[in-house]
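A.B. asks: Here is how the chains run, residue by residue.
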Amino acid sequence: MSNLRIIKDRTASGAMRTVTIVALAFVLVMGWGLYRKSAPILSEIPLWDLLTDSTWQPFKNKFGFFPFVMGTIWVTLIAVVIALPLSLFTAVFLTEYARRWVKKCVYPALDILASLPSVIYGVWGTLVIVPWISDWLAPHFVSFSSGYTTLAAGIVLSIMILPLLVSLFVELFSSVGNDLRDSSYALGATRWQTAQSVVLRKSMPGVFASVVLAVSRALGETIAVLMVCGNMAAVPHSVFDACYPIPALIANNYGEMLSLPMYESALMFAALLLFVVVLVFNLASRLVLRKIERK
Amino acid sequence: MRKLILRKIFANDSNEPFVPDAKFKHPDVAPELTVDHFNLSIEGSPILKDVSVTIPANKITCIVGPSGCGKSTLLKSLNRLSDTIEGVRTSGDIRIGDKSIVNCSASDLVELRRRIGLVPQRPTPLPMSIFGNIAYGCKIHGVSSRRELRKIVRHYLKVVGLWDEVKDRLTSPATKLSIGQQQRLCLARSLAVEPEFILADEATSALDPVSSKIVEDLFVKLKEQYSIVMVTHTLRQALRIADYVIFIYMGEVIEVGDAQQVFKNPKHELTQKYLSGTIS
Amino acid sequence: MNKLVVKERIARVAMYLSIAAVILLVGSIIWTVFKRGARSLTWEMVSSLPGGGFYIGKSGGFLNAIVGSLYIVLASTAIGLIISIPVVFFLNVYLKSKSRLAYVARLAFDVLFGIPSIVYGAFAFTLMIYFGLRTSLLGGILVETLLIIPILIRSMDEVAKNFPRDLLEASFSLGATRWETMGVVMRQIAPGIATATLLSVGRSIGDAAGVMFTAGFSDTIPTSLSQQTATLPLSIFFQLSAPQAEVQNRAYAAAVVLTIIVLVISLLGRFITNRFSKHKLR
Chain A
1 MSNLRIIKDR TASGAMRTVT IVALAFVLVM GWGLYRKSAP ILSEIPLWDL
51 LTDSTWQPFK NKFGFFPFVM GTIWVTLIAV VIALPLSLFT AVFLTEYARR
101 WVKKCVYPAL DILASLPSVI YGVWGTLVIV PWISDWLAPH FVSFSSGYTT
151 LAAGIVLSIM ILPLLVSLFV ELFSSVGNDL RDSSYALGAT RWQTAQSVVL
201 RKSMPGVFAS VVLAVSRALG ETIAVLMVCG NMAAVPHSVF DACYPIPALI
251 ANNYGEMLSL PMYESALMFA ALLLFVVVLV FNLASRLVLR KIERK
Chain B
1 MRKLILRKIF ANDSNEPFVP DAKFKHPDVA PELTVDHFNL SIEGSPILKD
51 VSVTIPANKI TCIVGPSGCG KSTLLKSLNR LSDTIEGVRT SGDIRIGDKS
101 IVNCSASDLV ELRRRIGLVP QRPTPLPMSI FGNIAYGCKI HGVSSRRELR
151 KIVRHYLKVV GLWDEVKDRL TSPATKLSIG QQQRLCLARS LAVEPEFILA
201 DEATSALDPV SSKIVEDLFV KLKEQYSIVM VTHTLRQALR IADYVIFIYM
251 GEVIEVGDAQ QVFKNPKHEL TQKYLSGTIS
Chain C
1 MNKLVVKERI ARVAMYLSIA AVILLVGSII WTVFKRGARS LTWEMVSSLP
51 GGGFYIGKSG GFLNAIVGSL YIVLASTAIG LIISIPVVFF LNVYLKSKSR
101 LAYVARLAFD VLFGIPSIVY GAFAFTLMIY FGLRTSLLGG ILVETLLIIP
151 ILIRSMDEVA KNFPRDLLEA SFSLGATRWE TMGVVMRQIA PGIATATLLS
201 VGRSIGDAAG VMFTAGFSDT IPTSLSQQTA TLPLSIFFQL SAPQAEVQNR
251 AYAAAVVLTI IVLVISLLGR FITNRFSKHK LR
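Chain order of the listed sequences is A, B and C.
First residue of the first sequence: 1, per this note's numbering; consecutive thereafter.
First residue of the second sequence: 1, per this note's numbering; consecutive thereafter.
First residue of the third sequence: 1, per this note's numbering; consecutive thereafter.
Same shape as in the complex, but just chain A (with noise of 0.2 Å):
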C-alpha cells in the first residue's frame, strides 16, 4: 500500500524533473535550429557585411540588414523615449499620490492596454495615428508623407510597451521601504522632491533594467508595427519617412521564401538575430531585477 504510494511519488518526481529540463532545454534548442537553418547565409556573406551593407534584393543574392536594423533601432528608440517619462510619471502617481479610486480606475485601463492584440493596436494605429501624422503633423515639417512612417511606428509600439514599463516601476517603486520614505518627509521634503530623491534614486537600477526589459519586447513586436511602418526597405533618414523592422521582414515575405533557399536561410538569420539579441537583453535584465527583488 504505501509502496505504491512511494513509487506514484517518485514516477511523479521523475516525470516532472524531466518536463521542467526539458522546458529549460528548450531555450537552447530554438538557438541551435535557428543557427543550423541561417548557417547558409552566414557561410556564403560575413557576419559583419551583413549587418552594414544596405542593398536588399533577394533575388540577385544580396543580402543587406542594414536598412532593417536601423529600422528596428529606431522605432525601439522613439517607442522608449515617448513611453519612459509617461510611464515614469505615471507609476509614481500611482504608488506616492494617488488615490484608492484612482487606482481602480487606472489599473484596468493598463490591463486592457496589456490584453489588447497586435493587431488591433495596428488597427488602431492605422485608423487614427497614420492620418494624424499625414494630415496634421508632417505637413508642418515636411512637404509629403503618407503617414506610414517610422513614427507612427513608434507611437504605436510606445503605448504597447506602456502597460509593461507600469507595472514594472509599480513593483519596484512599492518595494521601496515606507521608513526611508518617512523619513525623507520628516526632514520636511515635499512629496515630488521624496520620490525624486528616494523612490527613483534607489530604484535606479530597477528602472534601467525594466527599460531594457521593454526594449527587447519593443524588438519582436510584429503585426502592429507591420501593419503603420510602411515597409520600405531603405534606412530612414527622419521619422516622417518610411521603414522597416526586422519582425516586419519575417512576417511579410514567409510566403516567398521557399522559393530560395538563402532567402529562406537569410529570414531565419533575421529571426536569429532578434532572437539573441532579445535573448540577451532579457537575461541581462531579468538577473538585476531579481537581484534587487531578492534584497
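Everything labelled a hint here was simulated from the structure, so no lab data went into it.
Using N, Cα and C, we set each Cβ at its ideal position, and we do this for glycine too.
Worth double-checking, as some hints may not be accurate.
As the list claims (entries may be wrong) - In silico DSS-like links for lysine-lysine, alpha-carbon gap of 27 Å or less:
(1) 139/B / 151/B
(2) 139/B / 8/A
(3) 103/A / 96/C
(4) 202/A / 3/C
(5) 59/B / 223/B
(6) 221/B / 25/B
(7) 167/B / 99/B
(8) 161/C / 176/B
(9) 96/C / 49/B
(10) 98/C / 49/B
(11) 23/B / 59/B
(12) 8/A / 98/C
(13) 264/B / 59/B
(14) 176/B / 25/B
(15) 96/C / 8/A
(16) 104/A / 3/C
(17) 96/C / 291/A
(18) 291/A / 161/C
(19) 23/B / 8/A
Claimed, not checked - Have a look at the derived ranges for each label pair, beta carbon to beta carbon:
(20) 18/A / 97/C: 18 to 28 Å
(21) 131/C / 97/B: 42 to 52 Å
(22) 15/A / 97/B: 54 to 64 Å
(23) 18/A / 59/C: 48 to 58 Å
Put chains B and C on the given structure of chain A with help from the hints.
C.D. replies: Relative to the frame of chain A, chains B and C by itself:
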C-alpha cells in the same frame, strides 16, 4: 442539495460505538519516543546540540525554554518536518519504539508521520470543506468508503467538541470557522488518522483565552489514549498541564524530569533562573 | 521654499497628464475600433463562412476565423496547462526554494516569456519542415502551446511562491507524500491557475505572428489537424490589406469581435480573482 443529503445520512447513522479502521490500530503497548544524541544545524550554525531525551507514553510532555532556543526545531525533528527547512543537517537518531525516524525509507516515513500527528502554531485548515479536512488524511491512507469516512468525521468532531457547532455546515469551507474552531478542527484532523503521538507547537498561542482553555482541556483528556508533546512559551500553561518537562537552553537539554520535580525542585541553576524569570 | 512648491506643482501636472493620457488612449483605441467596425458588423459576418468572391467584397463572413482561433486557443491552453501545472508544482513543492535547478528554470521561463512570437513562429516553422509537417491546425496549436507555456508557468509560479508552508507541513504531518499534496496545492492556487489561463487565452487569441507561419489560412473550418486554418488576427490583417472598401469594412468588423472577446476575458480575469478564493487560507 449536497448539504441536505449529507445531513440526512448523518441523521440516519445509528449510535453504534466508534471503532477506528483496522489500519490505524494502536500497538498494544504505547511506544516511547527516544531522541538519541541528536544534532541539527541549519546552514552550518548548530541549533540542537547532542539532545538525548525519552518522551514517555500517555503523558503530556512540555518542552520549555526561552524563545529561539530550538524548541520548535526539536518538535519538527520528531516527525521529520525539519526536512523542509533550507540547508538542514542532522546527526544522531530519533526512534519511535524501536523504529528509527531519522534513517528510514520514504514509505516508512509516511507511515511514521501518520503515527505522529501535528497541531500547528496557527491553525492551518486545508483549502477544502470541514468534512474534507478531516477526511483528507484517511483518504490518503486508503479509507475510501463514504460511509466509513462519515463515521470518522462525526466521531472526531465529537471528540474535539466541534460536532454540535458545525454539523449543519460540514460542506462549507473550513476557513469560515473562527480561529479557535479551526484549531480544534486541525486537532480532529490529526486525530482522524489515529496517531500515537500528538505534537503541538504552541498550539494555543494564537487563540483567545476561552478557546485556549478548551484546547488545553482536550489535551488533558486525550492523554489517556495519546502521548502528547507540546512546545509552550507560557510557563503557567506548562505548570497547569505538564506531566513531564524538558527544559532547553541554547539548543541543549538542561534538565528533564517529572513536572513536579522540575518545577518544585529544579536541579540546575539555569532552570532555576528560567523559572524565576531571570532569563526568558 | 517657493521653488519647491513650483516644482511640486509641475510634477503634479505632468503626472495628471500622464494618467489622463493613459485613460484617453484606452478610450481612443476602444472607441475607434468600435465606431469604425460596428457599422459594418452584421450577424451574417459572424455566422457564415466566406462566400464566393469574398475577397473582392462579395457576401460571406469570417466564421472560419472565429472557429479556427477557438480551436487553436482551446487546444493549446489545454496542452499548456497539462505541461505547466506539474512544472509549477515541481518547482514549488519538490524543489527547495534555494535549489539551483529552480533558479535556472525560473530564469529560463522568464527568458522564454520575452521571446517574441515571430521568433517562435519562425522556429516552429523550421521544426515543422524538419518533421515534414505542412502548415496546419496542428502547427498552429503547437506554436501557441510553446508561446503560452512560459506565460502559464510564470504567472502560476508567482501565486504558488506565496503558498503557505504551514499547509504543506500540515499535509505532510498527516502522512501524505508530496504527490498526494498536489490536490491541496491546486485548490489553494486555483484562482492563480484561472487567471493564468485567462491571461494565456488572451495572449494566444490575439497572436498573429506565430500562427502566420504555422497555421496558414483557409476559407473553411478545418475538419482535421492537418488542414490549414484561419485565425481572427490574421483574417483582420489580410482583409485590411485588400484594396476594396467592403473587404476592409469586414476587417474592422472582425476587429470589433476580437476586441470584445479580449475585453470579456480580461473582465472575467478580474471577476475570478475576486470570486474564486472561497477556500483560500488568509
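A.B. asks: Taking the hints in turn, state whether each one holds.
C.D. replies: Hint check:
| no. | hint | verdict |
| --- | --- | --- |
| 1 | 139/B / 151/B | holds, 13 Å |
| 2 | 139/B / 8/A | holds, 16 Å |
| 3 | 103/A / 96/C | violated, 36 Å |
| 4 | 202/A / 3/C | holds, 24 Å |
| 5 | 59/B / 223/B | holds, 6 Å |
| 6 | 221/B / 25/B | holds, 19 Å |
| 7 | 167/B / 99/B | violated, 39 Å |
| 8 | 161/C / 176/B | holds, 24 Å |
| 9 | 96/C / 49/B | holds, 25 Å |
| 10 | 98/C / 49/B | holds, 25 Å |
| 11 | 23/B / 59/B | holds, 24 Å |
| 12 | 8/A / 98/C | holds, 25 Å |
| 13 | 264/B / 59/B | holds, 19 Å |
| 14 | 176/B / 25/B | violated, 33 Å |
| 15 | 96/C / 8/A | holds, 20 Å |
| 16 | 104/A / 3/C | violated, 33 Å |
| 17 | 96/C / 291/A | holds, 19 Å |
| 18 | 291/A / 161/C | holds, 17 Å |
| 19 | 23/B / 8/A | holds, 20 Å |
| 20 | 18/A / 97/C: 18 to 28 Å | holds, 21 Å |
| 21 | 131/C / 97/B: 42 to 52 Å | violated, 59 Å |
| 22 | 15/A / 97/B: 54 to 64 Å | violated, 36 Å |
| 23 | 18/A / 59/C: 48 to 58 Å | holds, 52 Å |
The structure shown violates the earlier hints numbered 3, 7, 14, 16, 21, 22.
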